[in-house]
Amino acid sequence: MCGIIGCIGHSRGTVETLLQGLSNLEYRGYDSAGIAVGGTSVVVRKQAGELANLRDDLDADPVTPGSFGIGHTRWSTHGPPSDRNAHPHTDTDGEVAVVHNGIIENYQQLRDDLQAQGITFSSETDSEVVPHLISQYRARGYAPEQAFQAAVEQLDGSYALAAVLKDVNAIFVARNDSPLVIGIGEEGYYVASDVPAFLEYTRDVMYLEDGETAVLRPTDLTVRNSEEIVEKDIQTVEWTAEETGKSGYEHFMRKEIDEQPQSLRQCLRGRFDQLAGKFTVEELTDVSDPQSVQFVACGTSYHAALYGASLLQAAGIPATASLASEYATSTPPTPPETLVVGVTQSGETADTLGALREADKRGARTLALTNVVGSTAARECDHVLYIRAGPEIGVAATKTFSSQLVALNFLIEQLVDRSKGKQVRDRIEALRVLPDQVQQVLDTSSAADVVEKYGSKESFFFIGRGLQYPVALEGALKFKEITYEHAEGFAAGELKHGPLALVTDKTPVFGIVTGDTAPAQKTLSNIKEVESRGAPVIIITDGKIEAERYADMALTIPEASIRTAPILANVQLQLVAYHTANALGRSIDKPRNLAKSVTVE
Amino acid sequence: MSIDSAVVLAAGEGQRLRPLTRNRPKPMLSAGTRPILGHVLDALIDAGLTDLHIVVGYNRSRVQNHFGSTYRNRRLTYHTQTKQLGTGHALQQAKEALSGSFVVVNGDELVDSTVVSDVRTAHIKTTAGTLAVRDSTQAAEFGAVRMQDDTVTEIIETPQTGEYRLLNRGVYALDHSIFSAIEATTDDGVIRLTDAIANLLERGETVRGVMSDDEWAAATFPWDLLGVTTYVLYQGDLTQPERRGGIYVHDSATVHADATLISPVAIDADAVIGAQATVGPDTAIGQNTTIKSGAVISDSLIESDVSIGANATIVDSVLAQGAQVGPGVTIPGGRSNVIVEETLYPDRQLGAVIADRTTIGGGTTIAPGTLIGPNAHIAAGSTVRTNVSAQSEVRN
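Those sequence lines, one after another, are chains C and L.
Per my numbering, residue 1 is the first one in the first sequence, and the count goes up by one each step.
Per my numbering, residue 602 is the first one in the second sequence, and the count goes up by one each step.
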């Protein structure tokens, strides 16, 4: 949830490198930020609020430049955001500074023990136990690395840790259930919770596994699993710093909405053969046919999971989509030959990892559908299918959702539709034209006009049926995430069973109706229900059914296949949410209380 | 100190290239398989410029999205011109980000790096500006200058009268004093860069001219894109690997073993060329475009996401992004009169211009010199002899 950065052994300014890293990581959490610079003393500076506060503080009162340090941006789990609760945390004498992501589950016990020994805590966080523990072991005569190891061994729960000690020219790091990656620069080393933090400096990285610790010194790096030294592979990440820049856009979210034609091209590239009329998704060739499929996911990814389950059911394979947090709490039976698919953009979503581990424990096969190569989900699951959307910085997921839906099409092709012939060629063609159809929606959307007319209403409802039902849910989620206004998504047919009572002339209803089949006719009836209650109606339509006369405004999408129309409809709703939030002056890329990748349960 | 900064003007629509500019500004139209602007940025980088600024306006997201925040490891800084009030006004949007002297070029016109390099190195700090000129009979058409020795004495955008033989190449090195000249220039709300330079001359500032003699392919009208594409193909200015002499095919493209490629030709990423199709010469195929079996395509610019049906014949044509051409469509090409924005241009070599996402039903025949779309629908079996406007339906 929070962001960690560290650097050692390079000749650039340490403070500037740390601040740049934090700025690159700001999307992970942003209610406070701080740094610690190591050397003959450990200098800690931290500020509540956005990173700019810390930067201002450092501009006003610079620290003596050191050659190594650690930094952190925080998103509260324990204790309200304040200067005091910001990381890094230190021991009593200020000789040990620690930054921490995750939750230390036994922190109360450790804190009580330390307090009983007369140690005073200066924050309300779980993290502060770590520097005190290290300090205690140091006082007992442990060498720095041993003191760090011994402290880590005391911890239960999830953590990514980085520590610096006075007079020790090194950064000590540890990982358990919270991502941590080391960057190997031309000179020196970096450590971060996520690759974009140091992408300007190096693309060669090493992912730490749970239970591993490492010591970064100016010219060498040692990774251990308890006592044993571990030889790790160096991987090169393909993402470039360029891809994480804002490119003249006001918001990353808008940039990422506009990027969808390109991200979909990457997702599609090489995954079908038009001339032979078949799909060629290499990652899936060894996935054998399951008897049933259970999707687990959270947030936007859950809506993708609903789409995937719906497609599989239509093809005759029993499939369910569960919220990962609920799945882990009350796990359904997993009959033999069950495939459990975890949909997680980051591959680090704690709830989804928990559900996948539970499924694995019960003997199910697991598949990760993720955007991040080398992520925990990718490494832990039996299979992995990458959505190849590229880095997504905006907290509100946009391009990764459309790529998730496309990737789910590949999964369905592998599990069900391995036929050849015209139907497959048609499905390939539907995917081939998709990037340009998304471009067409972007080129022609009148979402801004819709928002100008209805953006200041009280509540916003989104309805859809079949594969457009997940899009209605996603449209509402996106809307509430970034506008802070009340929005709900409903199955179109469910409206009359209760929610219709909420509908008035102050509640615009976005109705998604595509195609001209019987379900589309039924959705049209549901749209008439709200229209006759006086609600402003905005339809998202491909024009195949005569729906516009029941609507006040229409957002049109090109005619598309039943499987790709939801992706196009969703782009319109992304733009509706974006324009509304922009008109309201919201913090679009970093909505309040939210973080990009939720690595706590 | 040498000049490091360059400003690319890419905010205008390019109305004379309608209907191709409905969704994109002119710099984003293709020269071969890449936008014109990509070639312009290459020329700047090859000329040694490192700090690149792009002024965007009309449909700016298409520029920003395509190029992102760096290009060939040089940072790109975007400046937005909200209303298109002339090239001088456009340059003014980058004022705060510039110090010292800088190069200015148009984003919608191919330029050779040697011209940029010559202007860059010829510019002397003590003068207000330096610009590239060339001998041309078309000077009156593209903007002209008069010079005495190497000093510019007059600059004029659209000469109505008089003999001009020196063409303003649109490549400038300018001092910061241009901004006070821009601010002093008001001509019914539109501020052209040439008017601002004329203002410099009036004030007695020195502006020097550098002669250039590079080959030059301007894209003013839709048919010019064919010439520009041919120019790029013969220059070999392509990013795809060269498979055989003059045949450039991207690694992710698929060319059926029984298809024929005729040099020079370029095939971009994810494109598919079916069995017995013939593509080339002087033809570029954009990314993710599909050419079905038996189609014959020559002397044409086919952009991205186009689909061309089996046995279609397409000559001398521009097919823009997402155009869908049914089986057996015939666009025979040749010379004809062309009407652009109500002006008739006689005897141009042009088959058809099919704008973004227009659909041509199977078996349709399109007479030479026809402009169609965008988003128009031509029913199967039609014959089209006149221009077809955006979003309209044709059945006959």
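Please note that the accuracy of each hint is not assured.
Claimed, not checked - Which residues of chain C face chain L? A partial, calculated answer using Cβ under 7 Å:
no.: 1; residue: E231
no.: 2; residue: G248
no.: 3; residue: R269
no.: 4; residue: G277
no.: 5; residue: T280
no.: 6; residue: E283
no.: 7; residue: Q440
no.: 8; residue: S446
no.: 9; residue: D449
no.: 10; residue: I545
What the hints assert, rightly or not - Pairs of lysine-lysine residues, derived as DSSO-like cross-links and limited to a Cα-Cα distance of at most 27 Å, are as follows:
no.: 11; chain 1: C; residue 1: K453; chain 2: L; residue 2: K684
no.: 12; chain 1: L; residue 1: K684; chain 2: L; residue 2: K696
no.: 13; chain 1: C; residue 1: K246; chain 2: L; residue 2: K726
no.: 14; chain 1: C; residue 1: K457; chain 2: C; residue 2: K422
Think of the hints as simulated: they come from the structure by calculation, not from any bench.
The beta-carbon is built from N, C-alpha and C at its ideal position, and this holds for glycine as well.
Hint check results:
Of the supplied interface hints, the one on E231(C) is violated, with its beta-carbon coming no nearer than about 33 Å to a beta-carbon of chain L, more than 7 Å. Look at G248(C): its Cβ gets to within about 3 Å of chain L, closer than 7 Å, so that hint holds up. For R269(C), the shortest C-beta to C-beta distance to chain L is roughly 6 Å, which falls under 7 Å, so the interface hint holds. The criterion of a C-beta within 7 Å of any C-beta in chain L is not met by G277(C), whose closest approach is roughly 11 Å, and the hint is violated.
A cut of 7 Å between beta carbons decides the hint on T280(C): the least distance to chain L is about 11 Å, and the hint is violated. Hint status for E283(C) relative to chain L: violated, with the closest Cβ pair at about 17 Å, above 7 Å. Evaluation of the Q440(C) hint against chain L yields a held restraint, the C-beta minimum of about 6 Å falling below 7 Å. Of the supplied interface hints, the one on S446(C) is violated, with its beta-carbon coming no nearer than about 14 Å to a beta-carbon of chain L, more than 7 Å.
A hinted interface residue such as D449(C) counts as satisfied when its beta carbon comes closer than 7 Å to some beta carbon of chain L; here the least separation is about 17 Å, so the hint is violated. For the restraint placing I545(C) at the interface with chain L, the shortest Cβ-Cβ distance is roughly 19 Å, beyond the 7 Å limit, so the hint is violated. Using a Cα cut-off of 27 Å, the hinted pair K453(C) and K684(L) holds, with the two alpha carbons roughly 24 Å apart. The suggested pairing of K684(L) with K696(L) holds, with an alpha-carbon distance near 16 Å, which does not exceed 27 Å.
A hinted pair counts as satisfied when its Cα atoms are at most 27 Å apart, and K246(C) with K726(L) does not qualify at roughly 34 Å. The hinted pair formed by K457(C) and K422(C) fails the criterion: a straight-line CA distance of about 47 Å is larger than 27 Å.
Hints 1, 4, 5, 6, 8, 9, 10, 13, 14 from the list above are not met by this structure, while the remaining hints are.
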